[in-house]
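Peer 1: Let the sequences and hints guide you as you build the complete structure.
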Amino acid sequence: MATENPPIIFTPASQQRGLAESFREIWDYRGYISYLTKKDLRTNYLKTYLGWIWSLAEPLVTLAIYSLVFGYIMVVERGGDSPTGLNNFPAFLFAALVFWSFFRQSSTSVMNSFSGSLNLRKKLYFPPAAPPIAKVLSKSFELLPEVAMLMVFYLILWGTTGIRTVGPTWIVLLPLMLLTMIFGSGVGFLMAVPNARYGDVGMLFQLALRLGFYITPIIWSLSDFERRFGEGGERPWLLDVVRWSPLTQIVEASRDGIYRLQWPSATTWIYLVVVSFGTFLWGWTRFHRAAGKAAEGQ
Amino acid sequence: MSTTDQAAEQELPLPEDPKVPKPKPEIAIRVSDVSKKFEIRADSSTGLRSALTGFHRAKPKDFWAVKGVSVDVERGSMLGIIGRNGSGKSTLLRTMCGIYSPTEGQVEVRGRITALLELGAGFVPQLTGRENVYMNGAVMGIPRDRVDDIIADVARLADIGEFFDNPVDTYSSGMKARLGFAVSVHLDPDILLADEIISVGDVSFSKNGINHMTKMRHRGVTIVLVAHGLGLMQRLCDQILWLHQGEAQMVGEPREVIREYRDFMTMGDEVLVTDEDVVDNNPITHLDISSDDGIAAGYTGTPLNVHAAYDLVEPIEDAHFAIRFRAQETNVFLGSAAVEANQRLEGRGTIDIRIPILAIPPGQYAIELEITDGAGSDARSVASRRSRVPIHPLEEVQLNDFIELGGDWRIN
Chain A
0 MATENPPIIF
10 TPASQQRGLA
20 ESFREIWDYR
30 GYISYLTKKD
40 LRTNYLKTYL
50 GWIWSLAEPL
60 VTLAIYSLVF
70 GYIMVVERGG
80 DSPTGLNNFP
90 AFLFAALVFW
100 SFFRQSSTSV
110 MNSFSGSLNL
120 RKKLYFPPAA
130 PPIAKVLSKS
140 FELLPEVAML
150 MVFYLILWGT
160 TGIRTVGPTW
170 IVLLPLMLLT
180 MIFGSGVGFL
190 MAVPNARYGD
200 VGMLFQLALR
210 LGFYITPIIW
220 SLSDFERRFG
230 EGGERPWLLD
240 VVRWSPLTQI
250 VEASRDGIYR
260 LQWPSATTWI
270 YLVVVSFGTF
280 LWGWTRFHRA
290 AGKAAEGQ
Chain B
0 MSTTDQAAEQ
10 ELPLPEDPKV
20 PKPKPEIAIR
30 VSDVSKKFEI
40 RADSSTGLRS
50 ALTGFHRAKP
60 KDFWAVKGVS
70 VDVERGSMLG
80 IIGRNGSGKS
90 TLLRTMCGIY
100 SPTEGQVEVR
110 GRITALLELG
120 AGFVPQLTGR
130 ENVYMNGAVM
140 GIPRDRVDDI
150 IADVARLADI
160 GEFFDNPVDT
170 YSSGMKARLG
180 FAVSVHLDPD
190 ILLADEIISV
200 GDVSFSKNGI
210 NHMTKMRHRG
220 VTIVLVAHGL
230 GLMQRLCDQI
240 LWLHQGEAQM
250 VGEPREVIRE
260 YRDFMTMGDE
270 VLVTDEDVVD
280 NNPITHLDIS
290 SDDGIAAGYT
300 GTPLNVHAAY
310 DLVEPIEDAH
320 FAIRFRAQET
330 NVFLGSAAVE
340 ANQRLEGRGT
350 IDIRIPILAI
360 PPGQYAIELE
370 ITDGAGSDAR
380 SVASRRSRVP
390 IHPLEEVQLN
400 DFIELGGDWR
410 IN
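Here the protein sequences come in this chain order: A and B.
The end of the first sequence is residue 297 by numbering that gives the first Met the number 0, with every number in the run present.
The end of the second sequence is residue 411 by numbering that gives the first Met the number 0, with every number in the run present.
Zero decoy hints are in this set.
In silico DSS-like links for lysine-lysine, alpha-carbon gap of 27 Å or less: (1) A:Lys122 - B:Lys36; (2) A:Lys122 - B:Lys66; (3) B:Lys60 - A:Lys121; (4) B:Lys60 - A:Lys292; (5) B:Lys66 - A:Lys121.
Worth flagging that the hints you see were computed from the coordinates, not collected in a lab.
Peer 2: Right, here's the structure in full:
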């Protein structure tokens with residue numbers, strides 16, 4: 000009987016959740032979150048003829064454009080080819096682009112799905128973090144075909160060039176995907192409440208993402224950058240900014256594992272784990288301090 | 000579990016022993032001195048600018064939607080909340096289910112709550128009715144296999160046929176409401192909070208809904224209901240809370256609270272209108288109406304009593320009376336009851352007129368009583384007085400567009 004349960008008490012502080020409490024509540028609502036995730040997966044391409052194949056279209060087109068512009072028209076120096084002997088710009092680009100998508104999708108979807116859920120939240124109680132989490136999960140599932148495409152691409156390269164392009168270091172994909180998702184969600188949670196209050200925040204973030212794309216070594220290589228801005232270079236501080244950006248670390252780690260077939264350094268791993276979880280916890284606690292009030296439209 | 004059950008077993012067979020105090024009724028919802036404040040920002044688009052520059056042009060205004068409300072709801076009882084639009088009913092309901100947290104005070108709830116603030120609120124249009132039932136179960140924390148058990152009952156109560164397996168965006172609003180209601184009653188809540196849900200949908204849906212609420216209450220479900228149908232509320236509820244501008248104006252026995260509330264509402268109408276009454280020194284000194292239960296308003300389809308008082312300087316030899324109802328919106332005379340009196344009238348006295356069935360639609364009316372000397376073409380108007388009166392729909396039925404005219408049937 001319900002009477003066994005202790006009473007639920009709503010107080011002025013009851014929209015604020017402690018850390019443990021907030022995670023427990025998410026666990027209690029896991030059923031709801033899984034339905035929301037399914038719904039997103041089902042409905043995203045519902046009225047399209049090609050369905051989920053569209054999720055491949057965007058990365059393919061991006062890859063094609065950048066390869067054309069930076070690989071053949073402007074010719075980017077890759078600053079040392081892969082130790083395996085592979086020298087292929089699309090492959091070099093793709094290994095980084097996948098993780099950039101992961102970051103962009105998880106941060107924006109967390110940020111936007113919170114404000115998108117507020118209307119429903121006035122009629123139905125659910126933990127404010129539930130819709131963002133469901134969105135991040137569905138976005139991650141949608142990115143899996145892209146990862147599969149990455150593998151197919153590299154296997155084709157192996158076949159055509161005869162250089163071994165796939166190895167055991169590819170396993171870094173999994174922890175890196177997880178860390179990127181955690182980091183991206185943390186950033187999204189940091190901005191979710193401000194974005195719900197002021198739409199300007201979302202606009203600013205779109206601009207920041209654009210900047211982030213170009214100051215992260217995605218279409219250019221870090222080693223090339225190091226040569227020009229490194230020891231005795233023009234602006235050494237700029238090198239530090241770029242090198243220690245979490246996104247650079249993620250992208251370089253993924254290039255190590257996928258393009259260069261070597262293991263990322265221990266420093267990189269420690270740095271990424273600390274920064275990802277740190278950012279997530281920071282965003283999560285800030286979010287839970289303000290989300291309740293924001294959900295009430297204040 | 001054992002302690003509670005044992006206690007219940009021991010308490011039940013107790014004989015009426017004056018020394019042993021009766022077991023205290025269990026409180027399912029305890030609202031203790033709850034207030035809810037909203038900050039109203041004049042213009043949200045300048046929000047970021049002023050937040051960044053620290054230049055606050057428009058300070059947010061405090062709005063107390065609920066002020067110091069306390070009420071206890073016993074397990075298995077039904078609380079009705081009444082009040083005008085904007086009196087804080089919905090805010091209080093949202094505070095009871097945790098959507099809003101109180102600014103002051105606290106709400107203590109025992110048992111699983113289902114809040115029906117809008118029928119079918121959580122429905123995903125792209126999913127089928129069936130899938131939405133499972134999803135609703137998930138948000139209420141009900142395991143899938145439990146939903147498996149009740150899904151047939153939900154489909155039966157919703158009564159939407161094969162649409163149950165179609166996406167919800169193919170539904171009419173009535174169908175959505177039916178499904179929403181069916182889900183909520185079958186997902187077996189301990190406490191049901193319902194906001195204006197009975198008034199959506201057609202009559203059979205309303206009746207069905209009321210039946211189900213009554214059944215749930217008999218099963219021990221605690222219900223808090225916000226509705227506009229006062230007759231319905233009086234019939235269903237054990238307790239009525241009347242909110243006025245966020246404050247509890249009165250809480251208690253339904254009949255009493257509703258009577259006070261109706262009086263209050265009618266009084267408010269009269270205060271609004273002062274200029275409708277004709278000049279001073281009017282020979283008709285007073286004019287008002289009442290329904291049979293003593294409320295100063297009329298109800299369509301029920302008897303209406305008109306009360307008037309006169310104070311004549313000169314006697315009227317051949318007094319005739321006429322009553323007219325003029326609709327305020329359309330300015331059309333909708334009802335006119337001429338009463339033949341044929342009598343001499345002098346000095347002071349009262350007039351009581353009873354209209355057996357008030358067959359005019361609900362709305363705001365000006366009622367006019369006219370006294371003439373003589374009848375027909377040589378009638379001379381002696382006095383008339385007007386007063387604004389509300390005519391309400393008969394709330395048991397809640398049909399605005401139906402007037403019972405009555406009549407004797409003879410079938411040969």
